[in-house]
Amino acid sequence: MSAFALILRREFGLSFAGGGGPALAIGFFLAMAALLPLVVGAEPGRLAAVAPGFAWLVLALASLLSLERMFERDYEDGSLDLLALGPAPLEVIALAKGLAQWLSTTAPLAVFAPLVAIGLGAAPSLAPISIAAGLVGGVSFAFLGGVGAALSLGSRRGGILTALIVLPLFTPPVIFGAGAIDACAAHLDWTTPLLLLAAYSLAALALCPFAMAAAARNALS
Amino acid sequence: MIPALLNPERFMAFSRWAAPMLGLIALVLALGGLGLDFAAPPDRHQGYSVHIMFIHVPAAIMSEVAYVCMGVAAFLSLVFRQVLATAAARAAAPLGAGLALLALVTGSLWGRPTWGTYWVWDPRLTSELVLFLFYAGVMALELAIDDEARAARAAAILALVGLIDLPIVHFSVTWWNSLHQGSSLTTPGALPGVYLTPLLMMVLAYLAGFGALWLVRIRAEVWRRRAGALALRGAAA
Amino acid sequence: MSFDFDAGKYAAFVWPAYAITALVIAALVVDSLLRAARWRRAAQTAKPDDGR
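Residue numbers (the working numbering), protein chains in the order written: chain F, 1 to 221; chain W, 1001 to 1237; chain X, 2001 to 2052.
Chain F with its partners taken away, still in its complex shape (with noise of 0.2 Å):
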């Protein structure tokens, strides 16, 4: 088995240790959705508008939830350590670290949450698009939450200095992803933003990991 392939697996068994994978994330999704009702009424018509956008918003924030896992834990028991020191690139299980973030987090979400807006009352016609951005964009997510996590190891705020870092990152695939949401709603195009959606995830997942590995070996030093 390639070394990417057993580093891949490492990270998605990690993943689920200690937690079951993307749980925490879906108890975080049940929250927000049972808070929304109580903050922006009951009305149905109300709540149907909000919901897919309110959805997919609070996708974005839960994948910040399960960023300590990706390095900080190697990090601190010295893991990272041996990882920089072997054979494979740290770019190379930086990647695989995004990969399994959203396999394991991101979408897992991306199924359960049209779940989640249709119970608060979104059609269900939205539901095919509603995953789609969500698989798309939760590679961006995933990744752009990897450099954010790798940024802040060995700082003094960790979680909400990641937050801080990362969520200004995440304008763009929010917007394209509450884009194709919104067109399809609308009967419009949807495809457009869900290229633009595509377009910026593919360029996450090859850029992002340069970032993590040189914010990994700067913690390292």
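Be aware that a few hints might be false.
To be verified - Each pair of labels, with its calculated beta carbon distance range:
id, chain 1, residue 1, chain 2, residue 2, range
1, W, T1197, F, L135, 27 to 37 Å
2, W, R1010, X, Q2044, 13 to 23 Å
3, W, W1121, F, V39, 15 to 25 Å
4, F, L30, W, V1079, 41 to 51 Å
5, F, D77, W, V1083, 32 to 42 Å
6, X, F2005, F, A34, 50 to 60 Å
To be verified - Stretch-level coverage of chain X by chain W, calculated; a stretch enters the list once three of its residues show a Cβ under 8 Å from a Cβ in chain W:
id, segment
7, 2004–2018
8, 2024–2034
Stated by the list, open to error - Derived contacts from chain F toward chain W, CB cut-off under 10 Å, selection only:
id, residue
9, L144
10, P172
11, P193
Just so you know, these hints were derived from the structure itself, not from any lab. Note that beta-carbon positions come from the ideal geometry of N, C-alpha and C, so glycine has one too.
Given the structure of chain F, go ahead and fit chains W and X onto it with the hints provided.
The following block gives chains W and X in isolation, referenced to the frame of chain F:
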């Protein structure tokens, strides 16, 4: 000129006269620009509030220019590990953040008479807000890491990532705004000459002012490192 | 050249905008100059020289 600027000694010699000169240029341009600004008649659509344009647009433009400066300096500090580059990146951040903040506040006040609200999701104001958050992230990251060298490198990486993301943010916000037919701050059509001249002068004034302050702050950084290095040597002696 | 300072109903927006701009710019200038002066002094006390 670039090799001269990369050498701390020669930089200090250069900035010694360059900084005050830029400051003077900034002052003269600002006085002239403001003079022409208040000599200009109120706008047909915006009335007297058009005068805010003369302090909003330069701040907005310079907040972006400052980020590019910070990003380039960050790139140079990561690739060439030049002390001056690191100092330049760190020095630019608070200046750019202050300019972004000014752009946001003046932009909000500029829009208020026209729209009755203190905030509109105008594509430029929204981009400006995201830019401000980029600055906040870079500065927060640098402050949160104790080791100075590591903190500077982490902030530099983030600044670079932000620099690459910035055009995309602009594009995405503009695209979103075109869909929602949001409002726009700028008056449609070409700017009349009576406004154009003071506006250009103000933009150049802000540019020169940023240059002057940036040089001053980099000088402060260089002295700070010298003081620290000498103190260490003194302690070891 | 005559200056038009009659802001009319826009006064509540225009003057605060200028005031805040002046304030922030002044703060940046003062902070930068003080910072430079302070570290120049520190570098010189550690090693007296011609202060370049």
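We went through each hint and held it up to the structure:
no.: 1; hint: T1197(W) - L135(F): 27 to 37 Å; verdict: violated (53 Å)
no.: 2; hint: R1010(W) - Q2044(X): 13 to 23 Å; verdict: holds (20 Å)
no.: 3; hint: W1121(W) - V39(F): 15 to 25 Å; verdict: holds (20 Å)
no.: 4; hint: L30(F) - V1079(W): 41 to 51 Å; verdict: holds (46 Å)
no.: 5; hint: D77(F) - V1083(W): 32 to 42 Å; verdict: holds (34 Å)
no.: 6; hint: F2005(X) - A34(F): 50 to 60 Å; verdict: holds (56 Å)
no.: 7; hint: 2004–2018; verdict: holds (count 13)
no.: 8; hint: 2024–2034; verdict: holds (count 8)
no.: 9; hint: L144; verdict: holds (8 Å)
no.: 10; hint: P172; verdict: holds (4 Å)
no.: 11; hint: P193; verdict: holds (8 Å)
Hint compliance for this structure: hint 1 alone is broken.
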